[in-house]
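There are 2 protein chains.
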Amino acid sequence: MIRVALDAMGGDHAPQAEVEGAIAALALLPGVVVQLVGQVEVVEAELAKHPGVDRGRLEVVPATEVIGMGEKPLAAVRKKPKSSIVVGLGLQKAGGSDAFVSAGNTGAILAASTVLLGIHPGVERATVATPFPTADLPVLVLDGGANVDCSPKELLGFARLGSVFARDILRRERPLVGLLNIGEEDEKGNAVSRQAHELLKQATGINYIGNIEGRDILAGHSKLGHVDVVVTDGFVGNILLKFYESVARLILRLVKRTAPDILDRADVQEVFRVLDYAEYGGAPLLGVRGVSIICHGSSGSAAIKNAIRVAAQMVETGLNQHIAAEFAAGAPVA
Amino acid sequence: MIRVALDAMGGDHAPQAEVEGAIAALALLPGVVVQLVGQVEVVEAELAKHPGVDRGRLEVVPATEVIGMGEKPLAAVRKKPKSSIVVGLGLQKAGGSDAFVSAGNTGAILAASTVLLGIHPGVERATVATPFPTADLPVLVLDGGANVDCSPKELLGFARLGSVFARDILRRERPLVGLLNIGEEDEKGNAVSRQAHELLKQATGINYIGNIEGRDILAGHSKLGHVDVVVTDGFVGNILLKFYESVARLILRLVKRTAPDILDRADVQEVFRVLDYAEYGGAPLLGVRGVSIICHGSSGSAAIKNAIRVAAQMVETGLNQHIAAEFAAGAPVA
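Here the protein sequences come in this chain order: Z and X.
Take the first sequence: its position 210, counted from the start at 1, is 210 in our numbering, and no numbers get skipped.
Take the second sequence: its position 235, counted from the start at 1, is 235 in our numbering, and no numbers get skipped.
Just to be clear, a hint being listed does not mean it is correct.
Because identical chains share one entry, a pair is satisfied inside a single copy or across any pair of copies.
Unchecked claim - Taking lysine to aspartate or glutamate pairs in the EDC-like style, the calculated list, with each CA pair at most 16 Å apart, reads:
id, residue 1, residue 2
1, Lys153, Glu124
2, Lys201, Glu184
3, Lys79, Glu187
4, Lys72, Glu185
5, Lys223, Glu185
6, Lys256, Asp136
7, Lys72, Glu184
8, Lys188, Glu71
9, Lys72, Asp186
10, Lys242, Asp276
11, Lys82, Glu173
12, Lys242, Glu184
13, Lys188, Asp149
14, Lys49, Asp168
15, Lys188, Glu316
Derived by calculation from the structure, the hints in this document are not laboratory data.
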């Protein structure tokens with residue numbers, strides 16, 4: 001059995017979205033146990049709304065404290081050892097769980113994951129990998145906001161971590177990596193991107209296609225070919241991610257104003273579903289010695305369910321062993 | 001009469017889009033003369049397709065050379081003094097024209113504009129201002145790619161230049177400025193954005209609302225209020241601009257696949273029109289002593305027409321005098 005600890009107190013719709021997401025995940029994934037981490041009375045009250053649910057694969061793990069969305073991450077993690085985030089990740093550290101999923105305070109999940117799980121030897125910084133939906137396969141953009149300023153070497157590390165995830169979870173046999181830049185030529189970009197481009201060109205073990213541009217992400221390819229993994233620093237990645245999240249809302253506003261009747265159509269709703277992050281199951285933190293998935297604060301039950309599914313897949317495929325092997329092999333630069 | 005020089009040789013659809021755009025602009029703007037700059041035989045051959053056109057406000061200015069899209073900007077500007085870009089801007093410098101519009105090599109337009117027109121005293125760097133369409137009024141994002149690495153002081157300069165443009169051309173009485181960042185709090189972002197935030201907070205003469213996030217651009221507001229002008233460096237701005245340009249293509253692909261019949265509807269086409277940059281008339285280069293508008297290489301006649309309209313408006317409203325006054329008043333920091 002794969003044990004996934006789920007922060008029952010995190011997110012804007014907790015504990016309802018979490019409990020419903022957990023129940024949906026269990027129906028989908030027979031080999032998974034969900035550990036609901038949170039205030040027992042709150043979680044049990046929510047569970048009581050689902051009287052028919054099989055408790056055999058649904059555990060409740062007590063955590064009396066809650067880290068709020070607005071709290072300073074590192075201080076909150078230190079001050080609240082009994083919070084659902086710290087308890088859930090502590091359980092994984094102690095060997096009592098295989099993965100952690102939370103829609104709570106992103107900074108606190110990042111800090112607690114790094115501190116409690118630690119980082120694989122050879123990894124410089126853990127990175128948030130965010131799948132961007134496209135018309136075909138999702139494209140993985142990293143870093144999504146964990147690392148604001150990045151050295152060229154750290155960007156190379158993100159390329160390697162993203163490549164392992166793309167192989168194991170996104171099922172890309174030979175993931176192609178692009179560096180996000182403002183043009184394709186070698187000399188384009190700022191100092192860091194120019195150096196990173198040279199480093200990535202020389203790197204072995206990854207399939208680097210070259211500099212790509214903003215328009216190539218949603219297209220899923222640049223002039224140089226297909227793209228699976230897009231590398232950038234967390235400043236650009238986070239701005240782009242939030243910008244993309246707002247696109248569906250813009251389209252919805254425009255359609256509501258000019259052609260509201262089409263919103264009732266199932267085929268039109270399908271277009272919005274592609275733009276919706278919910279289907280893509282949260283953003284995994286890669287590079288830590290364990291499994292930690294960060295969900296959007298506004299996650300509903302479908303997003304939680306998918307995050308549990310991805311967490312279980314990360315355990316099942318041995319993603320961490322693959323990352324450990326990739327980085328234990330030493331520097332990949334020729 | 002306002003004289004707008006139009007590069008007849010620039011862009012993917014030149015000279016057809018340029019000639020058609022010029023003719024459309026003249027019908028719309030009775031006080032404008034368009035100067036078509038390019039190879040006379042090429043331009044005249046295109047004009048011959050419009051036998052009824054009134055040549056009274058349509059001049060042809062000879063320029064025997066053409067700068068290609070792939071040429072190195074600065075070298076091309078130096079090597080080709082008879083190119084349409086250099087001749088068109090040279091005409092403005094010599095007093096024979098009031099504004100320049102081109103869909104040609106962006107880097108070459110930037111270089112030639114800066115060299116030939118010069119920069120207003122007090123302006124550190126000229127900036128490309130890109131209007132982002134939203135559900136309501138467009139939001140002006142700058143820098144759009146002219147300045148890859150920016151100091152906090154340069155970002156402040158962009159805020160001031162953008163504010164003047166928003167007042168004069170976008171008709172915002174009191175333009176509100178946001179700094180693009182990864183969170184609203186003072187301590188968020190990289191070193192440059194933290195310093196820029198402090199500088200903008202202290203600045204007088206602009207209306208700074210604070211740090212904004214990627215999602216706030218298309219919304220047209222952050223938690224802190226409405227946003228008219230978004231300041232960021234040219235690396236982030238260019239990536240974001242190109243990403244946004246690709247959104248309409250993604251939506252079109254998705255709709256074509258799932259609900260192709262709605263594409264025939266005029267009300268649905270209206271949604272795509274909002275997402276289409278063509279309506280917004282190119283990106284003005286602000287800070288130079290003159291008027292220079294950079295159009296997308298793929299501009300059609302509607303985009304060219306709108307760029308001529310904006311160029312004429314920039315002359316008419318006295319944008320340059322307002323920028324000169326704003327920057328002559330000295331450093332705006334309290």
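How the hints compare with the structure:
1. Lys153 x Glu124: Only inside one copy: lysine 153 and glutamate 124 sit 8 Å apart there, 32 Å across copies, limit 16 Å.
2. Lys201 x Glu184: within (13 Å within a copy, 36 Å between copies)
3. Lys79 x Glu187: neither (47 Å within a copy, 21 Å between copies)
4. Lys72 x Glu185: Intra 41 Å, inter 11 Å, cutoff 16 Å: inter-copy only.
5. Lys223 x Glu185: within (12 Å within a copy, 39 Å between copies)
6. Lys256 x Asp136: So lysine 256 and aspartate 136 pass the 16 Å test across copies only (13 Å; inside, 26 Å).
7. Lys72 x Glu184: Result: close only across copies, 13 Å inter versus 39 Å intra.
8. Lys188 x Glu71: between (39 Å within a copy, 14 Å between copies)
9. Lys72 x Asp186: Between copies, since 13 Å is at most 16 Å while 40 Å is not.
10. Lys242 x Asp276: within (12 Å within a copy, 21 Å between copies)
11. Lys82 x Glu173: Classified as neither; 42 Å inside a copy, 52 Å across copies.
12. Lys242 x Glu184: between (24 Å within a copy, 13 Å between copies)
13. Lys188 x Asp149: between (19 Å within a copy, 12 Å between copies)
14. Lys49 x Asp168: neither (37 Å within a copy, 59 Å between copies)
15. Lys188 x Glu316: Cα proximity of lysine 188 and glutamate 316: none, with 41 Å in one copy and 36 Å across.
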